[in-house]
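Colleague: If you're matching them up, the sequences are chains A and B in order.
With our numbering applied, the first sequence covers 2 to 355.
With our numbering applied, the second sequence covers 2 to 355.
No wet-lab data here; the hints were simulated from the structure.
Among the hints, erroneous ones may be present.
Note that identical chains are pooled: a pair holds if it fits in a single copy or bridges any two copies.
Calculated lysine-lysine pairs in the BS3-like style (CA-CA distance at most 30 Å, straight line) [as the list claims (entries may be wrong)]:
(1) 202 / 326
(2) 263 / 286
(3) 326 / 196
(4) 286 / 114
(5) 286 / 196
(6) 350 / 216
There are 2 protein chains.
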Amino acid sequence: MNSEKINGVTQTLWQENELQDLATRAFQGLGLTQEDAGQVSKVLIQADLFGLSTHGLSRIESYGERLQVNGINAQPNITVQSPALALRLVDGDNGVGPLVGMRALQAAMDAAKQCGIGMAFARGSNHFGPISPYSLIAAEQGFASIIGSNATTTIAPWGGSDARLGNSPLGFGVPNPGGNPFLLDMAMSVVARAKIRNAFKRGESIPDTWATDQKGVPTTDPKAALDGFLLPIGGHKGYGLALMVDMFAGLLSNAAYLTHVKSWVDAPDEPQNLGHFFILIDTTKLGSPQWLAARMMDFAEILHDSPPADATRPVIVPGEIELEKMAYQKQNGILLDPAVVELLYHHAKGAPRA
Amino acid sequence: MNSEKINGVTQTLWQENELQDLATRAFQGLGLTQEDAGQVSKVLIQADLFGLSTHGLSRIESYGERLQVNGINAQPNITVQSPALALRLVDGDNGVGPLVGMRALQAAMDAAKQCGIGMAFARGSNHFGPISPYSLIAAEQGFASIIGSNATTTIAPWGGSDARLGNSPLGFGVPNPGGNPFLLDMAMSVVARAKIRNAFKRGESIPDTWATDQKGVPTTDPKAALDGFLLPIGGHKGYGLALMVDMFAGLLSNAAYLTHVKSWVDAPDEPQNLGHFFILIDTTKLGSPQWLAARMMDFAEILHDSPPADATRPVIVPGEIELEKMAYQKQNGILLDPAVVELLYHHAKGAPRA
Numbered sequence: 002m003n004s005e006k007i008n009g010v011t012q013t014l015w016q017e018n019e020l021q022d023l024a025t026r027a028f029q030g031l032g033l034t035q036e037d038a039g040q041v042s043k044v045l046i047q048a049d050l051f052g053l054s055t056h057g058l059s060r061i062e063s064y065g066e067r068l069q070v071n072g073i074n075a076q077p078n079i080t081v082q083s084p085a086l087a088l089r090l091v092d093g094d095n096g097v098g099p100l101v102g103m104r105a106l107q108a109a110m111d112a113a114k115q116c117g118i119g120m121a122f123a124r125g126s127n128h129f130g131p132i133s134p135y136s137l138i139a140a141e142q143g144f145a146s147i148i149g150s151n152a153t154t155t156i157a158p159w160g161g162s163d164a165r166l167g168n169s170p171l172g173f174g175v176p177n178p179g180g181n182p183f184l185l186d187m188a189m190s191v192v193a194r195a196k197i198r199n200a201f202k203r204g205e206s207i208p209d210t211w212a213t214d215q216k217g218v219p220t221t222d223p224k225a226a227l228d229g230f231l232l233p234i235g236g237h238k239g240y241g242l243a244l245m246v247d248m249f250a251g252l253l254s255n256a257a258y259l260t261h262v263k264s265w266v267d268a269p270d271e272p273q274n275l276g277h278f279f280i281l282i283d284t285t286k287l288g289s290p291q292w293l294a295a296r297m298m299d300f301a302e303i304l305h306d307s308p309p310a311d312a313t314r315p316v317i318v319p320g321e322i323e324l325e326k327m328a329y330q331k332q333n334g335i336l337l338d339p340a341v342v343e344l345l346y347h348h349a350k351g352a353p354r355a
Numbered sequence: 002m003n004s005e006k007i008n009g010v011t012q013t014l015w016q017e018n019e020l021q022d023l024a025t026r027a028f029q030g031l032g033l034t035q036e037d038a039g040q041v042s043k044v045l046i047q048a049d050l051f052g053l054s055t056h057g058l059s060r061i062e063s064y065g066e067r068l069q070v071n072g073i074n075a076q077p078n079i080t081v082q083s084p085a086l087a088l089r090l091v092d093g094d095n096g097v098g099p100l101v102g103m104r105a106l107q108a109a110m111d112a113a114k115q116c117g118i119g120m121a122f123a124r125g126s127n128h129f130g131p132i133s134p135y136s137l138i139a140a141e142q143g144f145a146s147i148i149g150s151n152a153t154t155t156i157a158p159w160g161g162s163d164a165r166l167g168n169s170p171l172g173f174g175v176p177n178p179g180g181n182p183f184l185l186d187m188a189m190s191v192v193a194r195a196k197i198r199n200a201f202k203r204g205e206s207i208p209d210t211w212a213t214d215q216k217g218v219p220t221t222d223p224k225a226a227l228d229g230f231l232l233p234i235g236g237h238k239g240y241g242l243a244l245m246v247d248m249f250a251g252l253l254s255n256a257a258y259l260t261h262v263k264s265w266v267d268a269p270d271e272p273q274n275l276g277h278f279f280i281l282i283d284t285t286k287l288g289s290p291q292w293l294a295a296r297m298m299d300f301a302e303i304l305h306d307s308p309p310a311d312a313t314r315p316v317i318v319p320g321e322i323e324l325e326k327m328a329y330q331k332q333n334g335i336l337l338d339p340a341v342v343e344l345l346y347h348h349a350k351g352a353p354r355a
């Protein structure tokens with residue numbers, strides 16, 4: 002642990018292994034086994050490494066509240082079935098989302114190792130963090146990935162006037178044996194709900210393109226937006242993409258979908274039965290690492306070489322910002338909100354002695 | 002064949018089988034074997050049935066020009082390799098796109114039947130029509146699908162100022178044993194390039210949100226837009242999605258990608274080496290047809306029940322417009338541009354006598 006002055010305030014910077022120890026103990030304090038707590042922490046810390054603090058260890062607040070009212074099962078019996086050579090059906094038994102996510106990712110990678118492509122459908126899950134940590138783990142082992150999850154309803158159908166679909170995240174990864182993998186992690190709304198929640202916490206207004214109020218009218222008030230619903234990118238196209246993610250993650254996985262997904266805010270003690278899907282492709286079956294590295298480097302170079310419209314902002318490839326942030330924080334330490342640190346210490350007190 | 006008055010003009014309406022015969026003979030006239038010509042015609046006629054006339058038989062114009070200058074190989078030797086149980090590598094040998102597409106679709110369905118999920122990467126291909134015909138064929142046989150293709154560069158990287166990526170189409174399908182499948186077929190631009198080409202042909206101006214001119218400045222002139230590049234949906238999100246499609250369709254399939262894709266307008270006599278990918282999932286491995294039908298009907302019902310923002314425009318599910326158009330045209334006949342009909346007759350003259 003070391004510290005740094007940021008905006009005049011002394012902030013604590015964490016080494017990854019220190020944070021892994023603390024977060025693991027915190028999730029143990031919430032009832033998880035040491036191994037499971039370690040897996041969940043790994044995903045959330047990876048989010049913080051990427052700078053995605055809204056989807057990182059800050060989630061211990063909502064995960065913790067739900068674990069404490071038994072809305073999430075602290076010690077689930079996660080099962081994996083194989084209905085076909087390359088398919089896996091994962092039942093998360095209402096476990097913490099990143100735990101179910103990691104189990105499903107592993108199952109899909111196993112299937113892909115065997116068949117070249119593998120897919121896991123997960124049900125009985127909860128919020129599983131951001132997608133890019135999973136895509137990175139897959140890419141580091143040579144797998145390209147398409148990963149999605151459904152979510153609490155916050156978006157109206159295109160042309161409709163109430164929230165009936167989730168702001169389902171969709172992510173992609175392509176490994177690069179010679180450098181940065183390609184990582185794309187996006188939701189179908191113009192912005193994430195967490196961004197509106199943060200604006201509300203800071204007492205700031207929001208652009209009127211982000212969300213509407215309860216009646217479907219665009220609003221600049223984050224409170225009204227949190228009571229209303231998010232707007233999708235590209236109109237009917239973003240609507241269609243969000244539906245597709247819910248069909249693969251929820252409908253086909255035998256999880257809840259659309260309005261069947263319970264809100265963890267309104268009903269924290271009830272299982273959400275969220276679903277995820279993981280499609281993994283073993284790129285080593287397509288060509289040598291040298292072949293892939295050469296193509297990935299060339300691909301990025303072509304994009305970087307486009308003359309920027311604004312000379313001060315060169316063209317980037319998806320994933321670059323997160324991977325740079327990760328490299329910086331691995332070197333200099335990870336910045337965490339002091340309130341999150343406090344909560345981690347609070348829950349860690351309940352952990353069994355090592 | 003029958004006829005109907007549309008906007009005061011008498012138009013000829015075609016029965017599907019009549020059109021299949023004529024189009025097959027037209028592609029035979031362009032040098033394809035009868036079987037291959039039939040496959041290509043099937044895909045393009047399905048596009049016309051869906052009302053996607055810009056991607057239907059009208060394409061015989063550009064396909065025909067390129068076949069005549071040997072830019073496309075009329076009688077390709079398409080090969081299929083299996084580097085892993087569920088993977089297929091299709092080399093299209095520069096054949097007509099829909100022919101390569103149909104071969105790759107079949108290869109991926111075969112792999113999915115065997116393993117539950119299957120994927121085909123196609124290289125050495127050309128423009129393969131719209132995606133929804135493939136998704137429909139797959140859905141009718143119980144397969145969910147994720148399908149994409151790369152394309153001639155018409156979009157600038159986000160923040161860049163020249164066209165370095167294609168307006169790559171991406172499509173999804175989910176079967177419904179009880180009614181309409183879900184079909185989503187979209188490109189990453191706000192509109193398709195064909196829409197701008199049509200506006201240009203009709204001498205109409207376009208909204209300034211569709212594309213920019215050569216210098217990256219938004220334009221209402223379709224000619225300037227055709228010389229410039231398209232704008233993506235959702236800014237960096239649409240940019241990221243377009244890159245993902247090109248990585249799966251072009252980079253991983255060992256086809257051309259980004260600026261390596263030759264323009265069929267500037268170099269009609271050179272192979273484009275386009276790539277496609279087909280991911281197929283055998284939904285019969287996930288549950289019974291009754292289970293899937295019940296969930297699909299419920300899914301659509303939840304969306305349809307959202308009170309419309311505009312009372313005259315009820316909420317729809319992706320694919321509904323196309324499937325309704327198909328049902329209507331199967332009943333009443335297919336409407337075709339007379340210039341396309343003339344071109345079909347022209348090429349059919351060169352077909353061998355049956």
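Colleague: Hint by hint, work out which the structure violates, then give me just those numbers in ascending order.
Modeller: 5 and 6
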